[in-house]
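In our numbering, the protein residues as written are 24 to 116.
These aren't lab readings, by the way, just hints derived from the structure by calculation. Take these hints with a grain of salt, some might be off.
To be verified - Result set (DSSO-like, lysine-lysine): computed pairs, CA atoms no more than 27 Å apart in a straight line:
1. LYS94 to LYS80
2. LYS80 to LYS90
3. LYS77 to LYS94
4. LYS90 to LYS77
What the hints assert, rightly or not - Derived Cβ-Cβ restraints for the label pairs, each shown as a range:
5. ALA84 to SER116: 41 to 51 Å
6. GLY85 to GLN57: 42 to 52 Å
7. LEU104 to PHE83: 18 to 28 Å
8. GLN82 to VAL60: 28 to 38 Å
9. ASN93 to ALA70: 14 to 24 Å
10. GLY85 to PHE115: 46 to 56 Å
11. ILE111 to ALA75: 23 to 33 Å
12. TYR63 to SER98: 14 to 24 Å
13. GLY88 to ASP58: 35 to 45 Å
Computed from a predicted structure; not experimentally measured. Note that CB positions come from ideal geometry on N, CA and C, so glycine has one too.
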Amino acid sequence: MQSAKPSNHSLISNELVLASTAGFINHEHLFDTQDDVVSYMLATGAAAAFGATKDLKTQFAGLGGDKFFNKGYASASRLLLGFVCTAILSVFS
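Please work from the sequences and hints to get the whole structure.
So this is what it looks like as structure tokens:
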């Protein structure tokens, strides 16, 4: 007489299906959002750099550090350019 016990193969596949739908981390989605995190970090850095450079330039205007603050604007512009590029790449991926 044959028992109604399922084979090991069906048990393993059923467990994998249950494990994949039980709320575990979806690795494809995790790797898909990393470019978004980098984009947000670049945007936050660019905004902070522009704000800090503008505020500090007005406070230290009498000391004549225009070259120093212009370098701050240049680095903030590069961060902004990096954000724009990663945002475009995020749309295409």
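The hints, checked one at a time:
{"no.": "1", "hint": "LYS94 to LYS80", "verdict": "holds, 11 Å"}
{"no.": "2", "hint": "LYS80 to LYS90", "verdict": "holds, 10 Å"}
{"no.": "3", "hint": "LYS77 to LYS94", "verdict": "holds, 12 Å"}
{"no.": "4", "hint": "LYS90 to LYS77", "verdict": "holds, 13 Å"}
{"no.": "5", "hint": "ALA84 to SER116: 41 to 51 Å", "verdict": "holds, 44 Å"}
{"no.": "6", "hint": "GLY85 to GLN57: 42 to 52 Å", "verdict": "holds, 45 Å"}
{"no.": "7", "hint": "LEU104 to PHE83: 18 to 28 Å", "verdict": "holds, 26 Å"}
{"no.": "8", "hint": "GLN82 to VAL60: 28 to 38 Å", "verdict": "holds, 33 Å"}
{"no.": "9", "hint": "ASN93 to ALA70: 14 to 24 Å", "verdict": "holds, 18 Å"}
{"no.": "10", "hint": "GLY85 to PHE115: 46 to 56 Å", "verdict": "holds, 48 Å"}
{"no.": "11", "hint": "ILE111 to ALA75: 23 to 33 Å", "verdict": "holds, 26 Å"}
{"no.": "12", "hint": "TYR63 to SER98: 14 to 24 Å", "verdict": "holds, 18 Å"}
{"no.": "13", "hint": "GLY88 to ASP58: 35 to 45 Å", "verdict": "holds, 36 Å"}
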